[in-house]
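Visitor: Residue numbers (my numbering), protein chains in the order written: chain A, 57 to 387; chain B, 8 to 149.
Worth flagging that the hints you see were computed from the coordinates, not collected in a lab. Backbone N, C-alpha and C fix where the C-beta goes; we use that ideal spot for every residue, glycine too. It is possible that some hints are incorrect.
Unchecked claim - Residues on chain B that point at chain A, a partial pick, calculated with CB under 7 Å:
| no. | residue |
| --- | --- |
| 1 | Tyr111 |
| 2 | Ala133 |
| 3 | Gly135 |
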Amino acid sequence: MSLLTFQAPVEEEEIKERYDLVIVGAGPAGCSAAIYARRFQLETLIVAKELGGLIVDAEIVDNYPGLPEIPGSELGNKFLEHAKKYMTNIIMEEVESIEKKESGFLVRTMDEKTIEAKAIILATGEKHRKLNVPGEEEFLGRGVSYCGLCDAPLFKDRVVAVVGGGNVAFSDAQLLAKHAKKVILIHRRNWFRADPIEVKRVKENSKIEILTPYIVREIKGDMKVEKLLLEKTKEVGGEVIPTGELKEIEVDGIFVDIGLVPNSELAKKSGVAVDERGYIIVDDFMRTSVEGIFAAGDVTDKGSKFRQVVLAAAQGAIAAISVYNYLKSKE
Amino acid sequence: MDEEDRELEKILQRKMKELLHATQRKTTPHPLSEGKAVKLTSENFDKVINNSDMPVLVDFWAEWCMPCHMMSPVVEALAKKYAGKAIVAKLNVDESPDIAQRYYIMGIPTFIIFKNGKPVEKIVGAVGRGPLEKALRKHLTT
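With the rest of the complex left out, here is chain A (with noise of 0.2 Å):
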């Protein structure tokens, strides 16, 4: 497996304090946003809480053309790794408000860094969706896991859980499986979304068990994850509904792969309208409902429809060319 080897520019003499376009996010999208703005010789800042995105969290992507079989670190190594080559300012750090300013914008980090630009991308992507459980956040890092490809290996020999019914809970099992005594596969219904050919091979797997149909209640033990509260529950007219029947499961760790939600908190406070799930609204030149803010990439409405890198980095390069003809105009 390759492995993530990119290396940002973190030192903070670099950081200029103001740049042509700010770019939140380096996933395919953000990183695609900054190839084509630094054509157009704008000077760009890229700010992300995490570099690759999404992406470098898989095995394998095989549907991007010209790459075939590429390990998903490697793809994200090469798109910052390109982004880089044509002098972006990549810094990782988590943005904590866009303010309007008549010139432009001004970026506030976190780390209370602040950085003015003329145009902002928000490529901020999805993360993992929370079960919302208590024990969930206390045990993050302590048996509490969102990545079976990060964390798999540090469960060797022991009972671990994967609660999900998608294609990523499937490969997550199978993959834990190579490492844990056993996998217990928790799903709140009984039918999955994964592909059969995912379900018929866990099926085959002796190592993995499927316990359906239950949720996760809680998450309990003492330094780490220790037990399961399980609730059964039943399907009446497509809607789940729990029963009040508890169980109670031994394990050392659960993995959470229960879908996606958007990464827009910051779109939001910074008045960009999204829809009713949270994504961004875009129009086809990735213009938002705020004159010189873009979007582009899965944090969108129309990137979350299909989730494909390809289409990320397309979204991206439309919304570095909106942003040189914004900033044209505004000359």
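Once you've looked at the hints, dock chain B against the given chain A.
Guide: What follows is chain B alone, placed relative to chain A:
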């Protein structure tokens, strides 16, 4: 130059020497805080975290962990910036599973800040530079 002036000159020179010496002493780098992340193992872990007046930031990582590699330049940058003020160290959880187990490391990267041998702060995940630096700054002695 009369006798008094010469005496004064001597005193000044001595003072200067003392001052120079004092600043040199102050800037003499701590062997474990010279601007590079220190490698910890099962053998030296307790010695390093117990015998330091400075806070010790430990990055629990592994070769196969991508988010760990993502954070590694951040860790090195902090080691450089806080040379002489904090010990920044890395522990490979595959090479030292005993230490990792002692602190219930079941997700990496995990960062723990130790003071006088005791963990005072724990941060899980590739959180970027901001939160990590903020936590470290909170525990600096000066």
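Visitor: All hints, please: hold or fail.
Guide: Hints, verified against the model:
{"no.": "1", "hint": "Tyr111", "verdict": "5 Å, holds"}
{"no.": "2", "hint": "Ala133", "verdict": "5 Å, holds"}
{"no.": "3", "hint": "Gly135", "verdict": "4 Å, holds"}
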